[in-house]
Amino acid sequence: MSAGDLLGYLDRWSVHPGDTISCRVSGTAGDPYQANLVRTIQGDTNPDGPGYRQEHIPLDLGGPFMAQQQTIETGSFAIVDHAEVLAVDNAVSIVATIWPTTPQRGRQTLFSRMNEDASTGIELFIDKSGALTAECRLDGTIVTVSTGCTLLSQCWYRVAVSHDAIRGQLHVIQEPVKLHPAISDRGYGVAITPVGTSPFDIRAPLLMAASPPNDSNDRYHYNGRIYNPYVLSRILVDSIPDRPTVGDHLVAAWDFSIEIPSQRIVDVSGNGLHGRLVNLPTRAVAGPDWDGSCHVWTHDATHYGAIHFHDDDLYDANWQESFRVDIPANLASGVYAVRLERGRDTFHMPFCVRAPRARRDSDVVFLLPTASYMAYGNNRIGLDVPETELVCGRLIELTDQDIFMQTHPELGLCFYDLHNDGSPVYYASRLRPMMDFQPGFIGKLGGAGSNVWQFNADTHITGWFDAIDTSFDVVTDEDLHNEGVDCLNDYRVLVTGSHPEYYSASMRDALDDFIERGGRMMYLGGNGFYWRVSPHPELPGVIECRKSEDGIRAAAPGPGEYYASFTGEYTGLWRRNGRPPNTLVGVGMVAQGFDRSSPYIRSEASNDPRLSFMFEGIETDIIGDYGLSGGGAAGIELDAANVELGTPHHALIVASSSGHSDLYLVTPEDMLDPVPGLGGSEAENISADIVFFETSAGGAVFSVGSIAWAGSMAWNNYDNAIAQLTYNVLNRFLNNTPFNITPSSSKTEILP
Amino acid sequence: MSHYQITRADRPFADEFMRNPMGPASPGLQRVLNRMRTDTRAGKYVLITDVPYKQWTLGLLPPNRGVPVERLDDLVFDDRLEAERTVFRLRWQALTGEELSL
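Top line first, the protein sequences correspond to chains A and B. Numbering follows this note's numbering, with no gaps: position 115 of the first sequence is 115. Take any residue in the second sequence, note its place counting from 1, add 752, and you have its number in this note's numbering.
So here's chain B without its partners, still in its complex pose (with noise of 0.2 Å):
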């Protein structure tokens, strides 16, 4: 579990992110990574298969065993690099406090 704290000095970093989400990742937005991809289980955002290899529903672990997984209804997917700017725009915003408008 990563503890590094993201904030404002590590604005290049979410630019270098929507630029190219699969990487390779800079060591920076690795750090950045590292922070974000490390949730806890409950709450952590997956992607649910709607389409194999063609659309995905964003959803949310749930904490424990036998517990549904949330579906995110109204955030759908046919582009795996949208699905991941959109999750990183939304844990920028849960850990920094503000809207990453990218």
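In isolation and in its complexed conformation, chain A is listed as follows (with noise of 0.2 Å):
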């Protein structure tokens, strides 16, 4: 793995076999580079782990192929396209309200609407001291006025720009919505323009937050919310009124509370001015009529009526197709990848192939958390974060795919990352090159070891399943989210990845469904069905999360802005939607840390009867005392039963950890009251549990509460006792014979 200008990306990350996957690619312009196919086994290059391992499939591709270069380009805005109604004769006012977020970053455009050779037209912008600027062009001749005022941030102004050709005059108007003692933030200019011609008379669209492209690259995004924008075809000169008016020399009216979850502006003043939004921009924000009156859209939208722009929003890099895979019908389930090669460059994109339609090739499925894979798409939690350092315990290692990330900020962000005005992230995309989403790849807090994090760290999980020559199927979140539990029926045993962190309500519904159905669960992870997230209704690839309340995280959402734009849904912690990790699976996140990992040590529980099958080959009652993520098998991420979260009472608690350093902590959610003693040597609920129930219909639920656990099953070429543990709970599982209910005499043990 490499990280040079090869790199691309898939249109899904999910098919089954005779589907077609399109894959785009950018690369320097005329070089040639090949493509394979190939099936990762495992990941991690670790000299002390078992090895990197991956399948070459002999299927003809079509390359070698031509590079092309293709470019990414960031920034949200606004389009209203057939703005041709726009005719305002010989007055025009352009009047909106906004909240800039760094009002000092630079030239950024609320509104521009040009001619195609940007002779003629007319822009309002900030200009780089700060101030509102107006700036009008008559067939080349530009005027350009400032009200000299410079913007605070995260205040409200309304604002406007207005010409009257008749006088041959250019006004710019910034009021602030609330006084600002000692500030001069009012301001207000006027210049002279050639008279009799208006730069609105002109067949141009109109733009929101954003210049048309032009020869400089620079757009000139703006950072900042825009609310109610409308234009007039009369002039303004001193002053801006509160609210439009129909009949009041109303063009057009762009009211942003009306369908937030789409991706359309709608036009109110009866003209048909209808817009469009590019690189999703955050809708269902609060605007300056927010009051804590209502802190849901879906109740009253009218407090949600302004669109938060960003400069580095991306949805989709929209590159060309550069050639398609035809799957094999006869290729088995799993997880494979396209790679790009170039010389001695490469570049993995990953997806998995499903079963064929209506069958099972396996009684097991893997289920890849491809949800948390974009949550943590090109996080930048090494390059942005200085903390990270600190809660790891050790140096942060940048890899060639940081250094890239680095000079290249225009490959998106996701949940860990905060925009370039410092607004928390709030959608993710998987329609971008992926650098974190490759076998191969050295993550962050993966642990001291191997140091890898979610989809290569799950390969510690595909490469048991090769150790111990057990074939599965693979599913993905997606599939789960779309097809509810349709696509796990006739699955015998679910096997998780090492941190299932991010699950949509649909997803979750499907596993609550499948458990319920008899279905046996292996959860080889930790802090898993932690986060709600909602995937966009329509657009593909896409999800939204907001970090509502508490949680560990990046930022906090602003208040009364909770519910996601695109469902109305609560999307914070699941424990905040009344459905713990532990109704689920028994054990919920209590601590994180990233150094050292610990070892679990046995309970008397774990001698119990209903456990006979778990422990054969076993002997030791400390298990789990080395491992590639962190040397323990309980470590990064601790997950513990809680009978009052939900933990079932029949739960066995097999073993739990211990010894863990004072870089772990309790979460925010669990330290209601902060007080001295809340790191892992003195906090007594800083553990991770190993935690097993039968269920009622036959079924039965295996959780190990921690990400390191995998890193353990790898360590010795999987020969060891945590790898033996879980096999014989996966053997048990396989079994068709159902669990039994029965009470047990043995005792239950369950943490407060």
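Errors might be hidden in some of the hints.
Listed below are several chain B residues computed to face chain A (Cβ distance under 10 Å; list not exhaustive) [said to hold, decoys possible]: (1) 765; (2) 766; (3) 775; (4) 776; (5) 806; (6) 819; (7) 835; (8) 839.
Listed below are the simulated SDA-like cross-link pairs for lysine to any residue, each with C-alpha atoms no more than 20 Å apart in a straight line [to be verified]: (9) B:806 x A:242; (10) B:806 x A:52; (11) B:806 x A:440; (12) A:178 x A:107; (13) B:806 x A:51; (14) B:806 x B:825.
Treat the hints as calculated values from the structure; they're not laboratory data. Since the structure is predicted, the reported quantities are computational estimates derived from the model, not experimental observations. Glycine residues also receive a C-beta, built at the ideal position from the N, C-alpha and C atoms.
With the hints in hand, could you dock these two chains into one complex?
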């Protein structure tokens, strides 16, 4: 794996045999590259690990191909394509209420309508000094006027540009919605323009929050919110009306509180000047009218009539298709990748091949946690977050991929990043190259040792299946969301990844149904089923998460902004949605730390006859004091049983970890009152639990409560007690004999 | 961001770090590390991986996205622990003005 300029992405991450997948690739123009299909078996390149393994699939993909240089344009904006109706004769005013977030970050366009060669048109923008400025172009004559008053960040202003063709005047007006004592931020300016011609007398679209494409390749994207923009065919001289009035020369008025989940902006003037949004600016955010009386935009959208634009928003890289891959009808289900190669440079684009439709090729299904891969996609935890070194207890290691991401921020953001204006990232898309969604990738938070994370950490599990010679089918989170439990029908055992953290309601419902129908589930990770996410109901490949109230998070959503714009769902913790992870898998997140992992110690309950299958071949009480993810099986992010949060009363705590360092700290949701002693060496609830319980339909659940578990499975080439224990569970779970839920005489150990 | 002021009284913790850079750290050493490791992004020490799991060059994070990470080409390590010790010495000198001869 390398990080040059050869990279790409796929249109989908899950296919059936016989389907076609579209590959979009960028490289140095004219350079030849090769493409191959490989099956990913084990992606950890640590010399102490079981060895990097992938299988070449003999399929001619049509290469070599000649590379095409493709770029990514970040920055969201609105565009009214058919703005010809904006004929305003001799007078025009464009008005809005704005909430700038980076007024000192250089020129940023609020409104722009320019003809193709930019010789005639009008713009309203924030200049490099942070002041509102209007510019009028008439056949190449450029007139600019500024208020000269710097806008304050995160304050609401009514702003306007107005042009009078008869008098030849250009006006700019800047009015704070609330007064700021001792601050001169109310301003007005006027300049003389050629008489008799209107800059609006052109055929061109109207843009909001960006300028049209130009030679400088800088579209002057705006950071901040725009509320209630409208156009009048009359002059505004020195004041701005609060609200536009139909009949008062109203030409267009866009109400952003309408159709919030969509990418459409609706003109309510009656002139039909509807527009569209590009690159997913944030909707369902508070406008100037939000007063705390409403927190749910679906209850009263008028509080949410603003859109927050960012210069680094990105939905779809929109690259042209480079080639297609027809997936052979006889290709076994598994984790595959299209591997791009040019000399020693390689780039992997992984995807899942499912079993043929209406067929199952294994009793085991591995649920590839693609929602969590998206949530962490291209994360900048090692680049932007200085505290990462502190919580890891060691220097951050940057790879070639990190170095590339640092100089290519256009690759986009994820839920662990902040926008350039410091606001939280609510949307995560997979329609872009993913540097960290590749076998071989070294992460940041994966613990001392292999330091693998998410996808590459999950190859410790796919490698284990290979090591024990057990076939498995693969299904992704996206499949689970779209198809529900039907995509799990007829599978006996479901195995999770190492950190399946992000779940939609549909996904959670599907797993609950699977368990209720007698399915057996092996949760081989930590901090799973934690955040509620909302995939967009129409746009493919994008999820939303607003990390409301608490939980471990990069930033808090703004007040009143806890509900997803895509669906109206409350997208905080599942625990805050009444469905803690404990109610599904018996354990839930309690602590995290990223230095050293610890072993588990078997409990008295592990001798219960209900668990007689579990410890065959395992003779020690201390298990997992080794591993590739921090040197132990219990580490990184820890889950524990808690009957108050829904752990079933009959659940058995098989083993628990101890001895975690003080870099392990309890979660914010469990820290109601900050007191000393919240580190791993003192807080008694910082411990991972292995939990087992039977279900009423004859199924069972086995949970390990630790991200580091898979790294211990892979230790010593999958020959160790953790791998043996996991195998014993899988073996029993594959046995069709129902589990009985009859009460046991042994004591159930549930931590408070 | 820690505002703890490292002084000569913390010298025993420097000895502790040099003996065992990967911890677990005593509470006193952890307080020193909390101060050292919460630098702002600009100029923060990082390791740039030259050969995965085998060789690293010390680097400095830039202040903003889009700006390349600075390589300190004369500080190359094939031992992670020695890299940790070197950065500890550099930070000790920057925060106390004293060279740490350990």
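**OP:** Mind checking the CB of residue 766 (chain B) against every CB in chain A and telling me if the closest is under 10 Å?
**Re:** violated, 16 Å
**Prompt:** For the hint on residue 819 (chain B), does the least C-beta distance to chain A fall short of 10 Å?
**Reply:** holds, 7 Å
Quiz item: Are the Cα atoms of residue 806 (chain B) and residue 440 (chain A) separated by 20 Å or less?
Solution: Roughly 15 Å between the alpha carbons, so the hint for residue 806 (chain B) and residue 440 (chain A) holds.
query: Given residue 839 (chain B) was flagged as interface, is its beta-carbon under 10 Å from a beta-carbon of chain A?
result: Where the cut-off is 10 Å and the nearest Cβ of chain A is about 6 Å from residue 839 (chain B), the hint holds.
For this session: Please verify that hint: residue 776 (chain B), Cβ, nearest Cβ of chain A, below 10 Å or not.
Result: OK, holds: residue 776 (chain B) within 10 Å of chain A, min 4 Å.
Are the Cα positions of residue 806 (chain B) and residue 242 (chain A) separated by 20 Å at most? Distance ~64 Å between residue 806 (chain B) and residue 242 (chain A) Cα, so the pair is violated.
Hint check, residue 835 (chain B) versus chain A [nearest Cβ-Cβ separation less than 10 Å]:
With a closest approach of 6 Å, the residue 835 (chain B) hint holds.
**Prompt:** Going straight from one Cα to the other, do residue 806 (chain B) and residue 52 (chain A) come out at no more than 20 Å?
**Reply:** With Cα atoms ~16 Å apart, residue 806 (chain B) and residue 52 (chain A) stay inside 20 Å; holds.
With a cut-off of 10 Å, does the beta carbon of residue 806 (chain B) approach a beta carbon of chain A closely enough for the hint to hold?
holds, 8 Å
Quickly compare the C-alpha distance for residue 806 (chain B) and residue 825 (chain B) to 20 Å and report which way the hint goes.
holds, 16 Å
* Would you settle whether the hint for residue 765 (chain B) is holds or violated, based on the nearest Cβ-Cβ distance to chain A being less than 10 Å? => violated, 14 Å
Original post:
With a cut-off of 10 Å, does the beta carbon of residue 775 (chain B) approach a beta carbon of chain A closely enough for the hint to hold?
Top reply: holds, 5 Å
Taken one by one, the earlier hints fail for this structure at numbers 1, 2, 9 and 12, listed in ascending order.
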